[in-house]
Amino acid sequence: MQLHKILAFLAENGVDYDFVGDDSIEINQVSGLDNARADQVSFLTDKKYLDYLQTTQAGLVILNKKMVDATHVAHLLVDNPYYVYALVAQLLNPLKPASNFIHPSAVVHQDAIVGDDVYIGENVVVQQGVKIESGSYLAAGCVIEEFTTLGKQCRIGSNATICHHCSLGDNVIIEAGAVIGGDGFGWANNQGQWFKIPQVGRVIIGNNVSIGNNVTVDRGAIEDTIIEDNCIIDNQVHLAHNVKIGSGSAIAGQAGFAGSTVLGKNCTVAGQVGFAGHIEITDNVHFLAKAGVTHDITESGAYAGFPAIKASDWQKNSVRVRQLDKLAKQVKALQKQIDILSN
Amino acid sequence: MQLHKILAFLAENGVDYDFVGDDSIEINQVSGLDNARADQVSFLTDKKYLDYLQTTQAGLVILNKKMVDATHVAHLLVDNPYYVYALVAQLLNPLKPASNFIHPSAVVHQDAIVGDDVYIGENVVVQQGVKIESGSYLAAGCVIEEFTTLGKQCRIGSNATICHHCSLGDNVIIEAGAVIGGDGFGWANNQGQWFKIPQVGRVIIGNNVSIGNNVTVDRGAIEDTIIEDNCIIDNQVHLAHNVKIGSGSAIAGQAGFAGSTVLGKNCTVAGQVGFAGHIEITDNVHFLAKAGVTHDITESGAYAGFPAIKASDWQKNSVRVRQLDKLAKQVKALQKQIDILSN
Amino acid sequence: MQLHKILAFLAENGVDYDFVGDDSIEINQVSGLDNARADQVSFLTDKKYLDYLQTTQAGLVILNKKMVDATHVAHLLVDNPYYVYALVAQLLNPLKPASNFIHPSAVVHQDAIVGDDVYIGENVVVQQGVKIESGSYLAAGCVIEEFTTLGKQCRIGSNATICHHCSLGDNVIIEAGAVIGGDGFGWANNQGQWFKIPQVGRVIIGNNVSIGNNVTVDRGAIEDTIIEDNCIIDNQVHLAHNVKIGSGSAIAGQAGFAGSTVLGKNCTVAGQVGFAGHIEITDNVHFLAKAGVTHDITESGAYAGFPAIKASDWQKNSVRVRQLDKLAKQVKALQKQIDILSN
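Protein chains in written order, with this note's numbering: chain A, 372 to 714; chain B, 372 to 714; chain C, 372 to 714.
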């Protein structure tokens, strides 16, 4: 694609940029600074790779506005290089269009409503009462159970399952192998026997949400499990019944949420973090990896450890733990000194 | 459904209750105390929600026997409100009956034996030598591999896989995406190369067992992996080869068991707990979230931490860890005082 | 199978052994020392089971060369009993041969290239441009997306998904439910909105690699995610985009790797370990369970804890943590003694 077309696309998308170089060259793919060829675009956000700017063979580099004269190759100066890189990468790698197609091996119930330009792949199952809006793409082997609704431009990965009576907004991505709307872990114990609590709630997912491979999101026990707009969820995350994820939040791989916990807006959760049930986290809270969150959090900021505390406190104590053997020896020595003084 | 029918059902199930109110009303669904309408039933087990009893619009509330005169609406006084709620919720939300049906897209081997009233959904695969007893329900895309047997009233979720030669009892639920009977992690290393140990054991699951979405339970290496009756297992749990789970135990999300570990009867395991291999846990042991269990446990009770110790001890130390920075400063101050005293 | 045939097979495979006993007996299956019958072979690697050698009913036992005269039954003395057991177990339990077969329910694109003796099971999907070499086995319901290539003798489990444009070497096992080549967690945030970074890299898997049930391995963002030869990966492991796993490494269940992290050769990773992104681990590093690895590791050895430190140091501090309540009380007592001395 000619670079001037890319620049026009950025302008259309409201990107404020300064361009330095020749906009008649071809840019056809993205690449890392170190491996890029002349028809490829790269970016720099981490100063660790600053040296590569001198040696890169990239045709175009996207840089922060402050980095004037930082490289010999054509470059774009912008406020948010990673975002602009995302836009360019999307332009160069358009999604496979969801043309109007139903593979003969797919099983689509006669009472399902399928919009325009919906792609339904091999061995897909679309059950009774399902409604799929225009532009959605269902990859091979996925199952959409009864009365579930998908908005526009959704993309469901291979072998994913969306259980019955769930609701997905527009532009929702469910990656391969994920299970949305399975029964939650609701059981009553009577004299040592477990009795299943029917899970009558649903999963309600907003717009522009992405859910990773082999994730599980349980349907609500009574009310619904809710994922608000603009959330991103990585692989193998588990959300139990009646969890609510506030808009804009990002959850990394293998994190887990017990039932009825509420995460605020614009939170970030690192890998393998665990949340107890029935707790509430305010907006703009950030959890470091492996944290175990056991109580409500009412103040924004970074948290870590188990039970999770402010990250700065955890950091201090964490250093101390690593010095604990030394500290114990110090205490022993103090005792000796005192014993001498006392005698 | 008319309330007196619900009461009759409870009596049939041996529930001892006192009912206060008018039993001619209609109750059609469950709900939370705060959102319930006049034709809905709710319950109270957590005192946190006591105030709702004054304002609830529910038609019926299920309460503990001690809560006489606690609400203005019709109510049931029982010993175990959550259990009675489960019974009523099951009555109001009957499972989809597994009528005698095989979807034309399903692939059922001619040598498979399928009982009465078995439902086999879209794109299900039932291989050679499989035996499925009456009343079982196989959701879309699930695979039952060779020579596996399912008891009565089993329910297999969409895209779940039950590998070859496994055995499920009656009333077993396997949720969507779970893999039962995959090969365990058995490898011998010779001069840096890994050689696969054939996994010749099976997975044997008792009656009334439930296994969550995207769980993995590996088949035994030589002997079998065993899940006894009346166990419940949440999403994304991993049981390695030759694990044995004692009857009545409950395992929460993302917990993991290494090979050959034995969990006793009526244990509970919270989320993200990990068990080392080849250890044995006695009956009635309860593990707090994220515990790392590295040794045999021979005494019932609650355990926490890594390595897991008695929860009460862990609690004390856990508080101390959070004060560790302070403690270290105290020790430093003591040293100064002693230095002054010594000079 | 007659024992002398087994011995001949071992000799062909270069195993140096001493055999004591009668090689005309039949050995038909493997078993544990305690349960073995006369036509079964067992082995001993753990001294815990030494007593069983006196009582075992096994027809053959595989022992370490040093264990001369340790048992009354026929035995093989070898350098690496577990490896020799693996060889014998493989001989007695040959894999189902991947004969030339495509089940009529499978969907194989006309432009896919399928080699000799490839078995394609029920409801398998093989998309456009896929190339599968001879002897590979595709179990029911698995999906091989566009332009992915499989080497010789690969085995893909039921309902597994290999996404587009990935490359698997020879003798690669992908267990049921695994997702190889899903999109990584690449997102740019602009003014609170998440923008997807197209993931244009692939997953490249070497020869003799095994990947467990419900594992997720994300495709690279720009460059590829790489798993070198001879790696073994247990269930529910997550490898993010651009991770590189060095040859010969073994990763246990529920471990997780954030993006771009490099694990060296011949490393072992225990269960539930987590790795931060963009770090590099040298060769021959061993991580204990639940470790959280946050920094580069440049020295071989065993590591544990979070943040991970040398296992020996972690062990010491870990003991101290469990004595922390006692230590804090000691410090308090010291303070009192000093106060007395000072006055």
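FYI, nobody ran anything at the bench for these hints, they're computed from the structure.
Hints are not guaranteed to be accurate.
Said to hold, decoys possible - When the alpha-carbon atoms are kept at most 27 Å apart in a straight line, the in silico DSS-like pairs for lysine-lysine are as follows:
no., chain 1, residue 1, chain 2, residue 2
1, B, 502, B, 615
2, B, 707, C, 697
3, C, 436, A, 376
4, C, 681, A, 697
5, A, 703, C, 697
6, C, 567, A, 523
7, B, 567, C, 437
8, B, 700, A, 681
9, C, 697, A, 707
10, A, 697, A, 636
11, C, 436, C, 419
12, C, 419, C, 467
13, B, 376, B, 467
14, C, 681, B, 567
15, C, 636, A, 681
16, A, 418, A, 467
17, C, 567, A, 418
18, C, 697, C, 681
Claimed, not checked - To give a feel for the contact side, a few chain B residues facing chain A, derived at Cβ under 10 Å:
no., residue
19, 490
20, 535
21, 603
22, 633
23, 637
24, 647
Treat the numbers as computed from the prediction; the structure is a model and nothing was measured.
Glycine residues also receive a C-beta, built at the ideal position from the N, C-alpha and C atoms.
Hint status (Cβ of residue 647(B) to nearest Cβ of chain A, threshold 10 Å): Where the cut-off is 10 Å and the nearest Cβ of chain A is about 18 Å from residue 647(B), the hint is violated.
Run the distance test for residue 703(A) versus residue 697(C): straight-line Cα separation, threshold 27 Å. holds, 12 Å
Sort out whether residue 567(B) lies within 27 Å of residue 681(C), counting only the CA atoms. violated, 30 Å
Would the stated hint for residue 535(B) survive a check requiring a Cβ distance to chain A of less than 10 Å? violated, 20 Å
Between residue 567(C) and residue 418(A), is the straight-line Cα distance small enough, at 27 Å or below? Measuring from Cα to Cα gives roughly 23 Å; hence the hint holds.
Measure nothing beyond the straight line between the CA atoms of residue 567(B) and residue 437(C); if it is 27 Å or shorter, mark the hint as holding. holds, 25 Å
At a threshold of 10 Å, is the proposed contact between residue 490(B) and chain A supported by beta-carbon distances? violated, 13 Å
Keeping to a limit of 27 Å between CA atoms, is the pair of residue 697(A) and residue 636(A) held or broken? Violated, at about 42 Å.
If you take the shortest Cβ to Cβ gap from residue 603(B) to chain A, is it below 10 Å? Constraint on residue 603(B) satisfied, holds at 5 Å.
Could you grab the alpha-carbon distance between residue 436(C) and residue 376(A) and see if it respects the 27 Å cut-off? At roughly 73 Å apart (the allowed maximum being 27 Å), residue 376(A) and residue 436(C) break the hint.
Would the hint linking residue 707(B) and residue 697(C) be met if the CA-CA limit is 27 Å? holds, 22 Å
Could you grab the alpha-carbon distance between residue 681(C) and residue 697(A) and see if it respects the 27 Å cut-off? Roughly 15 Å separates the two Cα atoms, so the pair holds.
The structure does not agree with the numbered hints 3, 10, 12, 14, 15, 16, 19, 20, 22, 24 stated previously, though it agrees with the rest.
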